[in-house]
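This is what each chain is made of:
Protein chains: 2
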Amino acid sequence: MAKDPGVLTERKKKILKAIIESHIANGEPVGSKYLTENKQIECSSATIRNEMAELEDMGYLEQPHTSAGRIPSELGYRFYVDSLIEDYSVTAKEVEQIHQMMRSKVSELDQIMNMASKVASHLTNYTAIAVKPRETLVTINRFETIFIDEYHFILVLVTSGDVVKTKNITTTRSLTRAFVGQVADSLNTHLAGKSAQEINLPLMMSLETEFAPYSELVSPVMKVVYDTMSVLDQGEMQVAGMDRLLEYPEYKDMESLKRLIGTIEEKEEIVNLVSEAGRDQHNIVIGSESEVKVMENSSLVFKPVVRNGKTVGAIGVIGPLRMDYARVLALLEAVTGNVSELLDDRKLDERKIEDKGDTNHG
Amino acid sequence: MAKDPGVLTERKKKILKAIIESHIANGEPVGSKYLTENKQIECSSATIRNEMAELEDMGYLEQPHTSAGRIPSELGYRFYVDSLIEDYSVTAKEVEQIHQMMRSKVSELDQIMNMASKVASHLTNYTAIAVKPRETLVTINRFETIFIDEYHFILVLVTSGDVVKTKNITTTRSLTRAFVGQVADSLNTHLAGKSAQEINLPLMMSLETEFAPYSELVSPVMKVVYDTMSVLDQGEMQVAGMDRLLEYPEYKDMESLKRLIGTIEEKEEIVNLVSEAGRDQHNIVIGSESEVKVMENSSLVFKPVVRNGKTVGAIGVIGPLRMDYARVLALLEAVTGNVSELLDDRKLDERKIEDKGDTNHG
DNA sequence: GTTAGCACTTGAGACCTTTGAGTGCTAATC
DNA sequence: GATTAGCACTCAAAGGTCTCAAGTGCTAAC
Numbered sequence: 001m002a003k004d005p006g007v008l009t010e011r012k013k014k015i016l017k018a019i020i021e022s023h024i025a026n027g028e029p030v031g032s033k034y035l036t037e038n039k040q041i042e043c044s045s046a047t048i049r050n051e052m053a054e055l056e057d058m059g060y061l062e063q064p065h066t067s068a069g070r071i072p073s074e075l076g077y078r079f080y081v082d083s084l085i086e087d088y089s090v091t092a093k094e095v096e097q098i099h100q101m102m103r104s105k106v107s108e109l110d111q112i113m114n115m116a117s118k119v120a121s122h123l124t125n126y127t128a129i130a131v132k133p134r135e136t137l138v139t140i141n142r143f144e145t146i147f148i149d150e151y152h153f154i155l156v157l158v159t160s161g162d163v164v165k166t167k168n169i170t171t172t173r174s175l176t177r178a179f180v181g182q183v184a185d186s187l188n189t190h191l192a193g194k195s196a197q198e199i200n201l202p203l204m205m206s207l208e209t210e211f212a213p214y215s216e217l218v219s220p221v222m223k224v225v226y227d228t229m230s231v232l233d234q235g236e237m238q239v240a241g242m243d244r245l246l247e248y249p250e251y252k253d254m255e256s257l258k259r260l261i262g263t264i265e266e267k268e269e270i271v272n273l274v275s276e277a278g279r280d281q282h283n284i285v286i287g288s289e290s291e292v293k294v295m296e297n298s299s300l301v302f303k304p305v306v307r308n309g310k311t312v313g314a315i316g317v318i319g320p321l322r323m324d325y326a327r328v329l330a331l332l333e334a335v336t337g338n339v340s341e342l343l344d345d346r347k348l349d350e351r352k353i354e355d356k357g358d359t360n361h362g
Numbered sequence: 001m002a003k004d005p006g007v008l009t010e011r012k013k014k015i016l017k018a019i020i021e022s023h024i025a026n027g028e029p030v031g032s033k034y035l036t037e038n039k040q041i042e043c044s045s046a047t048i049r050n051e052m053a054e055l056e057d058m059g060y061l062e063q064p065h066t067s068a069g070r071i072p073s074e075l076g077y078r079f080y081v082d083s084l085i086e087d088y089s090v091t092a093k094e095v096e097q098i099h100q101m102m103r104s105k106v107s108e109l110d111q112i113m114n115m116a117s118k119v120a121s122h123l124t125n126y127t128a129i130a131v132k133p134r135e136t137l138v139t140i141n142r143f144e145t146i147f148i149d150e151y152h153f154i155l156v157l158v159t160s161g162d163v164v165k166t167k168n169i170t171t172t173r174s175l176t177r178a179f180v181g182q183v184a185d186s187l188n189t190h191l192a193g194k195s196a197q198e199i200n201l202p203l204m205m206s207l208e209t210e211f212a213p214y215s216e217l218v219s220p221v222m223k224v225v226y227d228t229m230s231v232l233d234q235g236e237m238q239v240a241g242m243d244r245l246l247e248y249p250e251y252k253d254m255e256s257l258k259r260l261i262g263t264i265e266e267k268e269e270i271v272n273l274v275s276e277a278g279r280d281q282h283n284i285v286i287g288s289e290s291e292v293k294v295m296e297n298s299s300l301v302f303k304p305v306v307r308n309g310k311t312v313g314a315i316g317v318i319g320p321l322r323m324d325y326a327r328v329l330a331l332l333e334a335v336t337g338n339v340s341e342l343l344d345d346r347k348l349d350e351r352k353i354e355d356k357g358d359t360n361h362g
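Sequence lines, in order, name chains A and B. Under this note's numbering, think of the first position of the first sequence as 1, with each following residue one higher. Under this note's numbering, think of the first position of the second sequence as 1, with each following residue one higher.
Calculated from the structure, these hints are not laboratory results. Any given hint could turn out to be false.
Copies of the same chain look alike in the list, so a pair counts if it works inside one copy or between any two.
Said to hold, decoys possible - In silico lysine-lysine, DSSO-like type, Cα no more than 27 Å apart, as pairs:
id	residue 1	residue 2
1	Lys118	Lys223
2	Lys118	Lys258
3	Lys293	Lys194
4	Lys258	Lys194
5	Lys293	Lys252
6	Lys33	Lys12
7	Lys293	Lys258
8	Lys267	Lys118
9	Lys17	Lys118
10	Lys39	Lys293
11	Lys252	Lys267
12	Lys17	Lys33
13	Lys293	Lys267
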C-alpha cells in the first residue's frame with residue numbers, strides 16, 4: 001500500500017489535511033474542485049488531482065468508486081492524528097457545560113464516572129463510555145465482621161486499593177458476638193495479603209479445622225471472598241448516548257451497526273482494550289488497528305482518569321472513523337481533568353471527605 | 001373505534017387469533033386468502049373479508065393501505081393476550097439452556113439478575129432487561145464503623161431490607177479507635193429508623209454540637225448517608241441483547257429506533273413502569289398503553305422476581321408489538337422461576353450462605 | 001511542474017411500467 | 001339471512017430506463 005510514508009511534501013500534507021477535515025465535517029467524499037474553491041490551496045484542480053492520486057498510491061486516501069471524490073483511509077486518519085491535527089480549543093460555553101453537569105451532589109466514583117460519560121457523549125455527540133479497568137493484582141487487605149443477630153453477620157472485606165466489599169452472611173447455626181469477632185481475626189491471620197488465585201484447597205481445609213464446629217461456615221465465606229475478588233478483577237463499563245450512533249450515515253448499514261452495538265454491550269473486549277492502554281496520554285484506536293474485529297468501521301478515543309497517581313478509570317468516545325478527533329481529544333481532556341479534580345484528595349479541605357465505599361442489595 | 005368489543009363470535013375470535021399469530025410469525029400483513037389456505041377456517045375468503053372488515057370496524061385490526069392485508073391493532077394484541085392466547089410449553093431444551101446458563105458460580109443478586117436478563121434475551125431473541133425497582137421507603141437500620149488508621153475509617157450503613165453500604169471516610173484530623181466507635185453509637189442514637197427525607201438541618205446541628213471538636217466530620221458523613229439513601233431509592237436497570245432490536249423490520253426506521261434505544265438507555269422511565277407494577281403476575285405493556293410515549297411501537301413484558309415474599313427485581317423483554325407473547329411469557333416464567341429458586345432462603349442447606357452485600361471501588 | 005480541456009465513469013434520483021396481492025362490492029347461491 | 005363466486009379497483013414493491021452532475025484520468029499545451 002504505502003510507498004514511502006515518510007516523505008510527504010508540505011503541499012501533500014496540506015491537501016491531505018484539507019481532505020480529512022472536509023470529510024470529517026461533511027461525511028462525503030471530497031473532490032478536487034471543492035478543495036480549490038473552499039480551502040486555500042494555490043494550485044489548480046488538475047494539480048490536486050495528481051497529488052490525490054499519489055496520496056492514494058501511498059495509502060492515505062481511498063476512492064469509493066471511480067467517479068467519486070476521495071475519502072481518508074485508516075492510515076490517512078492515523079497520519080492526521082499523529083502529525084497534522086491542530087489543537088481544538090474548548091469553548092467557554094463547553095467548559096461551563098462540563099462544570100454544570102458535573103456539579104452534582106454525588107461523590108461516588110462510579111457515579112462521577114457515569115456522569116462524566118454522559119457529559120462526554122452530550123458534548124461530542126458521539127457514544128461515550130466510562131470504563132473501570134481490570135485490576136491485575138487484587139489482594140486482601142483485611143477483614144472485619146459485624147454481628148447482626150444470632151443468625152446473621154456482615155463480612156467486610158477491604159482489598160488493596162481501598163476497595164471495600166460487604167456481604168451479609170446467614171447461618172443456620174446460632175452465633176455469638178465474640179465468635180463473629182474471632183472469625184475476622186482468623187480470616188485476617190490466614191488470608192491477609194492473599195490474592196484470589198491463592199485461595200486453594202489446603203488453605204480451606206486448614207480453616208475448616210480452625211473453625212470447627214462452625215466448619216460449615218468456611219466454604220460459603222470463602223466463596224464470598226472468592227466471588228468478591230473475581231468481580232473486582234473484571235472491570236466495568238458503562239455506556240452513554242448509544243442512540244447517537246444512529247445519527248451518522250456510516251451506521252445506516254444495519255448489519256454492521258448490530259455488530260457494533262453488540263460489541264459495545266458485551267463490554268468485554270473494550271474493557272480489555274482500555275485496560276491494556278497506557279496511563280496518561282490519550283489513546284486513539286482507529287478502525288482495524290484494534291484487534292476487536294468488529295470495530296473495523298469505528299474509532300475509539302479515550303483518556304484515563306488518574307487519582308493520586310493511580311489509573312482508576314477512563315472516559316472514552318466511540319464513533320465513526322471520520323470522528324472529529326481534535327474536538328473529541330480536547331473535550332475528553334477537559335472532562336477527565338474535571339473528574340480528576342473532583343477526585344483529587346488534595347482538595348479534601350473543600351470537600352472534607354472522600355468516599356470509596358460501595359453498595360449492594362439483597 | 002371499538003363498537004362493541006364484548007361480543008365476538010367464535011368465528012371472529014378464531015379469525016383474529018389466526019391473523020395475529022400469522023402476523024407474529026411472519027411480520028407481514030395477513031390476507032384473507034392466506035387464512036383459508038393455511039389456517040383451518042371453514043369458510044371462503046370472501047366471508048373472511050367480511051369478518052375482517054367488521055373486526056377492523058371494532059378496532060382490532062388495521063390496514064396499512066387499501067390493497068394490503070390486515071395487521072393487528074394494539075387493541076387487537078391486547079384482546080389476544082387477555083383472551084385468545086394459548087400457553088406455550090417451554091421445551092426441555094430451553095429448560096436445559098436456562099439451567100446451564102444460570103448455573104454459574106456467582107451468588108450476588110445483581111449478577112444473577114444480570115445473567116437472567118442475558119438468558120431471557122438469548123432464548124426469546126428480544127432485548128431483555130433486569131430491573132431493580134425503586135425502593136419506596138428506605139430507612140436507616142443501624143451503623144457500624146471500622147477503624148482503619150488515624151485518618152481513615154469505614155462507615156457501614158445497614159438499611160431496611162438488609163441492604164448494606166460502606167463508605168471510606170477520610171479526615172484531616174487524627175482519630176482514635178474509641179472515637180470511631182462513638183461515632184457509630186451517636187449515629188445510631190440519632191438516625192436509626194430515619195429515612196432520607198428526615199435528615200434535615202436541625203438534626204445536623206444537634207449532631208455537630210455532639211461531635212465537637214470533630215464537628216467537621218458531621219456534614220461529610222451526613223452527605224454520605226444521604227447520598228447512599230438516595231441512590232437506593234433510585235432503582236437500577238441492566239440491558240441485554242440490545243442489538244437484537246435490529247433484527248426486526250419494525251425498527252428499520254432509524255428515527256424511531258434511535259428514540260427507543262435512547263429510552264432504554266435512559267432507564268428512568270422503564271424503571272418507573274416496572275416499579276409501579278404489581279408484584280406477582282406477568283405484566284404486559286402494549287405500545288401506547290404505557291405513558292412512555294416513546295415505546296409507542298413496542299411492547300414490554302416483564303415478570304417480577306420475588307424472594308421471601310418481597311419483590312426484589314424483575315426480568316423483562318422489549319420488542320416489537322408483534323412479539324411472540326405466548327413464548328415470551330412462558331420463558332420469563334421459567335427464568336424468573338429459576339432465579340427465585342437460586343435466591344430462595346429455604347434452600348440454605350444446599351448453599352449455606354446468602355449474600356446481600358455489594359461493592360464499590362474508590 | 002502546472003494547468004486547461006475533454007472524454008469517460010458512475011451513483012443518485014426521477015419517472016415510468018409492470019406485477020401481484022389484496023380489497024370491497026354486487027349478484028347469485030345455499 | 002348468511003355465504004360465496006366473480007370482478008373491477010387500488011396500491012406498494014420491484015424493475016427498467018434516462019438524465020444529471022460530480023468527479024476522475026489523461027493528453028497536450030504552457
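Evaluated hints:
no.	hint	verdict
1	Lys118 <-> Lys223	between (36 Å within a copy, 23 Å between copies)
2	Lys118 <-> Lys258	both (22 Å within a copy, 17 Å between copies)
3	Lys293 <-> Lys194	neither (37 Å within a copy, 52 Å between copies)
4	Lys258 <-> Lys194	neither (42 Å within a copy, 47 Å between copies)
5	Lys293 <-> Lys252	both (19 Å within a copy, 25 Å between copies)
6	Lys33 <-> Lys12	within (16 Å within a copy, 66 Å between copies)
7	Lys293 <-> Lys258	both (14 Å within a copy, 24 Å between copies)
8	Lys267 <-> Lys118	both (17 Å within a copy, 14 Å between copies)
9	Lys17 <-> Lys118	neither (30 Å within a copy, 45 Å between copies)
10	Lys39 <-> Lys293	neither (35 Å within a copy, 46 Å between copies)
11	Lys252 <-> Lys267	both (22 Å within a copy, 25 Å between copies)
12	Lys17 <-> Lys33	within (16 Å within a copy, 62 Å between copies)
13	Lys293 <-> Lys267	within (14 Å within a copy, 29 Å between copies)
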